[in-house]
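With the sequences and hints as input, model every part of the structure.
As they're listed, the protein sequences go chains A and B. Quick note on numbering: my numbering labels position 136 of the first sequence as 136, and the sequence is numbered without any gaps. Quick note on numbering: my numbering labels position 204 of the second sequence as 204, and the sequence is numbered without any gaps.
Hints in this document: simulated from the structure, not taken from any laboratory. Please read all numbers here as calculations on a predicted model, not as lab measurements. Any given hint could be a false lead.
[What the hints assert, rightly or not] So these bits of chain B aren't anywhere near chain A, every CB distance computed over 12 Å:
id : residue
1  : 34
2  : 95
3  : 96
4  : 114
5  : 117
6  : 128
7  : 147
8  : 172
9  : 183
10 : 187
11 : 192
12 : 229
13 : 320
[As the list claims (entries may be wrong)] Simulated restraints on C-beta separations:
id : chain 1 : residue 1 : chain 2 : residue 2 : range
14 : B       : 175       : A       : 83        : 49 to 59 Å
15 : A       : 166       : B       : 175       : 51 to 61 Å
16 : A       : 7         : B       : 117       : 29 to 39 Å
17 : B       : 105       : A       : 138       : 26 to 36 Å
18 : B       : 61        : A       : 19        : 23 to 33 Å
19 : A       : 51        : B       : 162       : 39 to 49 Å
20 : B       : 225       : A       : 264       : 48 to 58 Å
21 : A       : 29        : B       : 88        : 45 to 55 Å
22 : A       : 86        : B       : 40        : 48 to 58 Å
23 : B       : 275       : A       : 138       : 25 to 35 Å
Idealized CB from N, CA, C, for every residue including glycine.
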Amino acid sequence: MAQTRTPLRRLLDYAVLSVLAFIFVLPVLYLIVGSFKPSDQVLDGLSGFLPTHLSLDNYTAVLDSFNSDATGYFWRFMGISLLLSTVVVLGGMIINSMAAYGLARLRWKGQRAVFGIVLLLMLVPFEAVAVPLFYMFNDQRNTIYIQAIPFIANAFSIYQFATFFRAIPPSIEEAARIDGAGPWRTFFAIIVPMSKPVFASVAILTFLTQWGSFLWPVLMVSDPAVRPLPLEMSVFQGQMPVDWGQVLAFGVLLVLPVLIVFAFFQRWFVQGVASSAVKG
Amino acid sequence: MTTVNPAPATPAGRKPTPPPTSAKHSRPRRGNREWLHGLLMSAPALGGLIAFVGVPFVYAVVLSFYNVRLGSPLEPTFFGIEQYRRLFTDPDMSGPFLRALVNNLTFAVVVVPVQTGLALGLAILLNRKLKAIGLFRSLFFLPVVFPMALVAVIWRLILARSGDGLLNSTLDTVSFGHWGAFDWLGDGLTAMASIIVLSIWQGVGFQMVILLAGLQQIPGELYEAAELDRASRWQQFRHVTLPGIRGTLVFVAMLTSVLSFRVFDQVYVLVKGGGLDEDATRTVMYQAVTTAFDQNNIGQASAITVVFFLIVVALTLIQRRAVGTGNED
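In structure tokens:
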């Protein structure tokens, strides 16, 4: 908006934004403050919100108490989540970008039909196949690989890559071809390096989804040895009596990796979300 | 795969041969090679999609016609449309299922307009050139990165039924003690409202960012012209902003309605450990999962899944349509 703004108006803008933002981030502040408080003071009316008696006890308790075969090991939950996210993000970037290139930029008979099928599969939300998948892989329960493998190939990622690749001028590939590069080399040596934005946004969105993944672990995982963090979070908060301080410390540790990624890739994060809306 | 490489490298220095006219002739051959490469490149992802989306989806349809019980020694028996009939007419099963459908609809009917409206307001508020505006945008986007399992836990504390819950104690203070403790999650009237509030809190930043991107594509000259015409801010909003982001707005609203039918995580977490009223908040996905998982009734759960899918497809088709027309102008 191109209106000129008086200092007073600008001050008003800041005031409105600050009040709204404060209300909006209250739950986050409550989480963070609570994670540093003794458990009996977390759920303590308004004072539960005030940062009195802060200590790291909950964090050390979480890291210590989750340290036996009975409770599971905290770092193990974290490791499982990291492993699953890494495999799904990296594997997905490779195979989905390749498929998008093969379908959107190479011309072959049936390519349109196949691409159409992929777009059709995009309509099938995971929730619509969760139950039959659960039944199909019932004997693979409590394994690590079954938690990752179904999510590597992703129709929506293919669609995101394809949209980006289609906007690349064909002359670039023609030049590569004249120099004797085949489709594979053209793709890996020329297209991939110039497509960083779409790789970043697909990676970030995939990471976000995978890190918070809940429904599939609920169905497939009962063994703490292969349990990812969000599922353990829900198990932990459901145990009576609830140790609120520790639950919140656990929560902060659960969201910390995403927050770090968010802080570093903030611009791409927002772009990734915005570009996911680009329709075609 | 190097052997499949086209035209063994032209000797260095030699001018690349194919003259423009021969391009037509070489196309069929190149097309053949591209067929192989295209398929090879797509194969891993296509294989994955077929194995983990296509096959299970068809399987869901098949299972929905059988009486399949998990862990039962009996062979599955063909059931015809019995599962569907029960879903809609057998009181034992249709009760919770129809309730889930109604709950889902309620959720969508409230969340879609409220969340979209809120996101639009925020996007307009944040679409200004102010110092530190990036910080504000990040703050409103922040909850989007929070896993729903964690969001549910935070709100479980805020909405706790004791007088020590954050909301209850705030109301108590504000009303000078006139407001007693209220069981927000456990009361049938407010349970769904609670789920709606925490879902909007988590999701509104996502829509806000998409709308912000839409707003920024409106040319500034349009506003300047409107100002020259002495259009009020409201007129500018109605005649410049709204038409400018109509397509985005429709897209966002329809995306949200599809997502709102997939609600599961927060309901599951809060019912299983947070004292959430189960009947008032069960959703279609919650019903499918508990039917499959707690009652071991795979056939029935598959039928729910199929109905769920049909609803999502209907919503998606409406979305495509609406976005399509939104783009034309």
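Tested hints:
| no. | hint | result |
| --- | --- | --- |
| 1 | 34 | 4 Å, violated |
| 2 | 95 | 20 Å, holds |
| 3 | 96 | 16 Å, holds |
| 4 | 114 | 15 Å, holds |
| 5 | 117 | 14 Å, holds |
| 6 | 128 | 6 Å, violated |
| 7 | 147 | 3 Å, violated |
| 8 | 172 | 8 Å, violated |
| 9 | 183 | 14 Å, holds |
| 10 | 187 | 19 Å, holds |
| 11 | 192 | 19 Å, holds |
| 12 | 229 | 14 Å, holds |
| 13 | 320 | 9 Å, violated |
| 14 | B:175 - A:83: 49 to 59 Å | 50 Å, holds |
| 15 | A:166 - B:175: 51 to 61 Å | 59 Å, holds |
| 16 | A:7 - B:117: 29 to 39 Å | 30 Å, holds |
| 17 | B:105 - A:138: 26 to 36 Å | 32 Å, holds |
| 18 | B:61 - A:19: 23 to 33 Å | 52 Å, violated |
| 19 | A:51 - B:162: 39 to 49 Å | 21 Å, violated |
| 20 | B:225 - A:264: 48 to 58 Å | 41 Å, violated |
| 21 | A:29 - B:88: 45 to 55 Å | 47 Å, holds |
| 22 | A:86 - B:40: 48 to 58 Å | 25 Å, violated |
| 23 | B:275 - A:138: 25 to 35 Å | 31 Å, holds |
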